[in-house]
Amino acid sequence: MARTFHLHAGFASLDQEIKPPLSADEAHAEANRCLFCYDAPCTRACPTHIDVPLFIQQIATGNTAGSARTIFSENVLGNSCARVCPTEVLCEGACVLNDQHRPIAIGSLQRFATDHALSQGQPIVRATRPLRSAVAPVGIIGAGPAGLSCAAELLRLGYASVLYEQAERPGGLNTYGVAQYKMTPRVSLQEVEALVRAGLDIRCGIRVGHDISLSELQTRHPALFVGVGMGRIPGIGLAGEDHAAVWDALDFIALLKASSDAGHGSPSAQALRRNLHGASVAVIGGGNTSIDVVTQAVRAGAKKVWLLYRKGPSEMPAYAHEVHLALEHGSELVYYAVPERIVAEDESRLRGIAICVVHADGAAVAGPHGPRDKTSALLECSVVVRATGQRGAELVASLPVESERGVIKVDAQGRTSNPRFYAGGDCISGGQEVVNAVEAGKRAARAMVHDILEKLPQEAV
Amino acid sequence: MADLSVEFCGIKSPNPFWLASAPPTNTGDQIMRAFDAGWGGAVWKTLGEPIINVSSRYSSVDYRGQRMHGLNNIELITDRPLDVNFREIAEVKRRYPGHALIVSLMVESKREAWHAMVRRAEEAGADGIELNFGCPHGMSERGMGSAVGQVPDYTCQIVTWVKEVARVPVIVKLTPNVTDVVYPARAAQKGGADAVSLINTINSITGVDLDTFTPRPDVHGYSSHGGYCGPAVKPIALNMVAAVAHETQGLPISGIGGISTWRDAVEFMLLGATTVQVCTAVMHHGFRIIHDLCDGLSSYLDQKGMTSVRELVGRSTARVKRWEQLDLNYRVIAHVEQSRCIGCGLCYVACNDGAHQAIAAQPDDRGRTQVEILEHKCVGCNLCSLVCPVESCITMRRIDAFGEAQLPWTEYNKNPSAHPHVRSNRHDS
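Taken in order, these protein sequences are the chains called Y and B. In terms of this note's numbering, the first sequence opens at residue 1 and continues consecutively. In terms of this note's numbering, the second sequence opens at residue 1 and continues consecutively.
Just so you know, the hints here were simulated from the structure itself, not pulled from any lab data. One or more hints might be untrue.
Stated by the list, open to error - If we take Cβ atoms under 8 Å as the criterion, some of the chain Y residues that face chain B in the derived model are: (1) 57; (2) 61; (3) 62; (4) 66; (5) 204; (6) 354; (7) 356.
As the list claims (entries may be wrong) - So the derived label-pair ranges between C-beta atoms look like this: (8) 49/Y with 362/B: 46 to 56 Å; (9) 406/B with 131/Y: 50 to 60 Å; (10) 101/Y with 116/B: 51 to 61 Å.
These numbers come from a predicted model, not from an experiment. Just so it is clear, CB atoms sit at the ideal spot from N, CA and C, and this is done for glycine as well.
Just need the whole structure built from these sequences, with the hints factored in.
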C-alpha cells in the first residue's frame, strides 16, 4: 500500500505521520491478501528474520496477540522497526506480489499487531527460565537499539544485564535521531518502557569513562557489550563552518524533535523552530540522514531547501524512495555540488553558502531545473546543515578492542578482538538501520551465552 | 497456558489437530514431518488392496481472486504396497509414541478381508482404526467407500465385523452424500463404533473448461465426479456434526470439513467435535499452518478463562434446536452506525431487491448513497448486516416487542388467535 505523499500548504507538519496506522478493517483486508509464501522472501529479507507470513496469517485469523508474539520473538523492537524500517528495500521490496500488482504492506501490518500488543500491556519478552541470580553478568554500554536488543535476548535466555546510557533518556537514535514523521520519541520510549517492565535494567545519564570507569565495569561484569553507535559529524574543512547557523545534522534533528515533544521543548529547540519558519536551508550530504534533515526542515516551515550532493545520482547512498520523498517535499536536489565556503552576514546570521557545481569530468552540469551556466554560485540561506558522515564514537578509541576509524571490528556474532567484549549496532557497521542493530544485539547475546555465561559458576550468573 | 491435549475414545493426543486421511498422510516421511511441525495426530491415507490412479486428479473452485475455496479430487486410496505402508506405520509409531496415529482402512465387504486388515493395522501399532465409508468416487463403484456408508445396514454390518477383532478404538468416517447423515451415524453406533468422523467429501464437479468443454479435472478429454472439500464445505460439515452430536449423545466425534484456522476448529468443537481433522488447508499451505492453529486456540482458551480444550466440546450443541422451538417473540431490527457508513448502497439494493424493502436510500451531497432503516418494515433478517463491507457498521439490535415471554411455534400453533401480536409484526400478511 504505497502512499504517495503530496505536499500541500498546511498538510504536512513535523509530527504528522507519513504512514498512518491501519484500521482493523484495512489490516484484515491486507492480511488476507498475503499469499502465505513458503520459505518467504520477506522473511529472508528481514535482517532479524521475522516469520512474516505467519504473523500476517495470525492477523488474518484474529490472533493478534499471537501475531505480536511472532514478531517480538525475533525482534524486540518490532514496534519501532514497523515505523522506521526501509521496508521498500527490505521485506516489502522482496514481496513476490511486486511482480503481480503491489506488495503487502508488511510494515503497516507489523505496526498494527505490535501497537495492539503494547496497548494491551502484552509483554515483549519473557525469560524462558528464571534469572539465575540478582547479579548481572553482562554490562551493556549504550541503551540504543543494539543494546536493548542484546539485553532483551539475554533476559529471554535467563541472564540479567545492566545498560549504561549516557543520554538523559534511553532508546538511542530511536529516541533522538529518527525523523519525527516516522516516529516520535514518545513511541520509542513507550517501547523501552515495555522492555523495562519485562525486566531490563537501564541506567541513564551515566557516561562510561566519566561517571564510571571502564575498569570498574570490567570488574562488575564478566562480559560487556558495546552498543555506543557513532559519534558526531566532523567538520568538512569548509571556511566559516564553525558559524552558529551551521549545524551537525544529528544535533539539528534531535533539537527539532525536542521542539515538538510536549514537555521537553527547551528554549533552544523553540528558537530553532522559529528560525526555520520561512527560512532557506542548505543541506550538505547524500545519505538518508540528509533526506531526514530536508523533509523535516520543510515540515518545520522552511520555504526553500536545497540538498547539495557532491557526486551524481548513481553514487548517492540515500535510498531511491527517500530521495523521492525529499523531492515530493519540494526540495531542490543539486548533484555535483561542492560546497566552497560559508558566507556569514554577522556572528549570528548567514548570507549563504558558496558552491561550485562541477561534473566529475570538470564540465558544468544540469541540475534538476535546466542547465546551470555558472560553475559557482552563492545559495542564499540562513541555515546550513552538515549531514556528512559521522566519525566513530569517542569511547571506542579507549576500549581495549581492535577498531578502524572508530568502527569496532567484530565477527558475524559480534565478537571483538577482546574475548570479554562484544559489540553491535552502528559502532560495528558505521551506520545502518535499526533492524540491523537489533539483529546484531541478538546475535551477540547468544554468542556471549555460548562463550562465557554458560561457563560461569552458578553464583556469578 | 491452556492444556491442548485431548483424549478421544481412549486415544491420547497432544492437541486436537489431526491430519485427515488424504494425500498429506500418504507416507511416513510426511507424517513425521507433520509431527515435528506440531500436529497432534494423523489418520494414515486409506489402506486397501492396491489401486491405480489417473492423471490429473484435483480441481478447485477459486473465489474472487483467492485460490482453492473448494477442492475436488478423484484420487483413490493408497497406491503404495501394503507392506511398505505397514512398515512405515510401525516406524512412525516407534519414533512418535506420544502422537495419535490412526490407520484408515477400506477393503471389499467380506468379513475375513476386514478381519485380516484390522489385525495387520493393529500389529503395525495403530492407535485406532478409521473405517473409510465415505470415499465417493471410484471405490464406491467397486462396492466400497460411500457405497457402504450410504446404506445404514451395510455400515452396521461391517462395523460389527471389525469390532469382532479390533482391540483398538474404531472410528467410522461418514459420508455426507446421504439424505440424512443421522441414519448412518446411528448404524455405526449400533454396530459398536467407538467414534465417528465426518464429513468425508461431497460429490462434485467443480467446473467445465469453456474452451475444451471438458469438466475438471481433465483425464484425456473426460472427467468424473469427485469429492469436494475445503473451506466451501464447512457449513455443511458443521450442520452434520451438530446433527450427529445431538443424535448420538456422547459418541465421540472427529470433525472434518474445511477447517483452515483455529476459529474453524473452535466452531467444530463447540458443536460437538473433540478432535478435528485437516486436509485442504495443508494441501494449500503445508504442515506449518499448525503454528497458528495451536497458538490461536491456546490464546482463545486463555482469553475465555478455559484451562482445557474439553471445556469447549459440545458447548453449543444444545443451542441448535428445531425451528419450531425458536422464540417467535424475539425481535431484532437493523441499525446503521452512520459515522461508519461509506455509502456503497449494498444494503439498500440487497434489502430492496432481495429481501423485505425496509431500507430507504438517497444520494448525499457527495453523491454517495445515504441509507435509513425503515424500522416498521424491518423483519430482522440480517441480510443488510451480511452484505455491509464495513465491520460494525450495520448491527442487529434487539427491540423489546413482547416482553420476556417466549413463544415457540409449537405453542403458537395450538391457538393462533391467542397471539394476535405475532401476526401484527408481519407486515406482508
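Cross-check of the supplied hints:
| no. | hint | verdict |
| --- | --- | --- |
| 1 | 57 | holds (6 Å) |
| 2 | 61 | holds (4 Å) |
| 3 | 62 | holds (6 Å) |
| 4 | 66 | holds (4 Å) |
| 5 | 204 | violated (35 Å) |
| 6 | 354 | violated (53 Å) |
| 7 | 356 | violated (54 Å) |
| 8 | 49/Y with 362/B: 46 to 56 Å | holds (54 Å) |
| 9 | 406/B with 131/Y: 50 to 60 Å | holds (58 Å) |
| 10 | 101/Y with 116/B: 51 to 61 Å | holds (57 Å) |
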